[in-house]
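Engineer: Sequence:
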Amino acid sequence: MKNEISILQKLKHRYIVDFYSAFETPFQLCMTIEFVLGGDFLTVLGHEVKLSEFDASLKLGHLKLIDFGLAKQIDDGDQTFSFCGTSAYMAPEIFLEIGYDKSVYCWSIDVSNVDWGDSIFKNFKEY
1 MKNEISILQK
11 LKHRYIVDFY
21 SAFETPFQLC
31 MTIEFVLGGD
41 FLTVLGHEVK
51 LSEFDASLKL
61 GHLKLIDFGL
71 AKQIDDGDQT
81 FSFCGTSAYM
91 APEIFLEIGY
101 DKSVYCWSID
111 VSNVDWGDSI
121 FKNFKEY
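Be aware that the sequence shown starts at 1, since it is given in this note's numbering, and climbs by one per residue.
The set of hints was computed from the structure by calculation and includes no laboratory data.
Just to be clear, a hint being listed does not mean it is correct.
[Said to hold, decoys possible] Straight-line alpha carbon distances no greater than 35 angstroms define the calculated DSBU-like cross-link-like pairs of lysine-lysine that follow:
1. Lys2 - Lys12
2. Lys102 - Lys10
3. Lys2 - Lys102
[Said to hold, decoys possible] So the derived label-pair ranges between C-beta atoms look like this:
4. Glu34 - Gln73: 38 to 48 angstroms
5. Asp76 - Gln9: 16 to 26 angstroms
6. Gly39 - Cys106: 37 to 47 angstroms
7. Thr25 - Cys106: 12 to 22 angstroms
8. Thr80 - Ile5: 33 to 43 angstroms
9. Asp67 - Ser103: 17 to 27 angstroms
10. Leu65 - Ser21: 16 to 26 angstroms
Even for Gly, the Cβ is constructed at its ideal location relative to N, Cα and C.
From just these sequences and the hints, can you work out the full model?
Structural biologist: Here it is as structure tokens:
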């Protein structure tokens, strides 16, 4: 959680939740962040397969990223080998465990934009 706090302290963007403070009790590390009403994105979408352009712009215009628990800071040129995230949106380098850099996030964003209701990895099988 300390890594998540460190990341949130550095980020200021209208689509990222505002971080206010952190404090410790004898048993917990706590954060105070911006209150964001509305639930998670998939719940907001419900069972809609396709959104109209207006509905999509309305819903996407109010999104905020809030969970950086698995986030990792890496410098330009560095690689990491963590295997975490949503498998449907993971770049091949992560599955192959060959190390990856920041470019895998471009892959994930692109794949998620292809179609929210489907994934190009739907037939992927683990061996």
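Engineer: Between lysine 2 and lysine 12, does the CA-CA distance stay at or below 35 angstroms?
Structural biologist: 18 angstroms, holds
Engineer: Taking 17 to 27 angstroms as the hint, is the beta-carbon distance of aspartate 67 and serine 103 inside that range?
Structural biologist: Check passed, 22 angstroms falls within 17 to 27 angstroms.
Engineer: Do glycine 39 and cysteine 106 keep their Cβ atoms within the hinted range of 37 to 47 angstroms?
Structural biologist: 27 angstroms, violated
Engineer: Just tell me: holds or violated, for the beta carbon distance of glutamate 34 and glutamine 73 against 38 to 48 angstroms?
Structural biologist: 21 angstroms, violated
Engineer: Given the hint of 16 to 26 angstroms, is the C-beta distance from aspartate 76 to glutamine 9 inside that range or not?
Structural biologist: Once the Cβ atoms are compared, 21 angstroms apart, the range 16 to 26 angstroms for glutamine 9 and aspartate 76 holds.
Engineer: Could one say that the CB atoms of leucine 65 and serine 21 fall in the range 16 to 26 angstroms?
Structural biologist: Hint holds: Cβ distance 19 angstroms, inside 16 to 26 angstroms.
Engineer: Lying within 33 to 43 angstroms: is that true of the beta-carbon distance threonine 80 to isoleucine 5?
Structural biologist: 20 angstroms, violated
Engineer: Verify the proposed pairing of lysine 102 with lysine 10, using a straight-line Cα cut of 35 angstroms.
Structural biologist: 17 angstroms, holds
Engineer: When you take the CB atoms of threonine 25 and cysteine 106, is the distance between them in 12 to 22 angstroms?
Structural biologist: 39 angstroms, violated
Engineer: Does lysine 102 lie within 35 angstroms of lysine 2 when you go C-alpha to C-alpha?
Structural biologist: The given pair, whose Cα atoms are some 21 angstroms apart, holds under the 35 angstroms limit.
Hint violations for this structure: numbers 4, 6, 7 and 8, all remaining hints satisfied.
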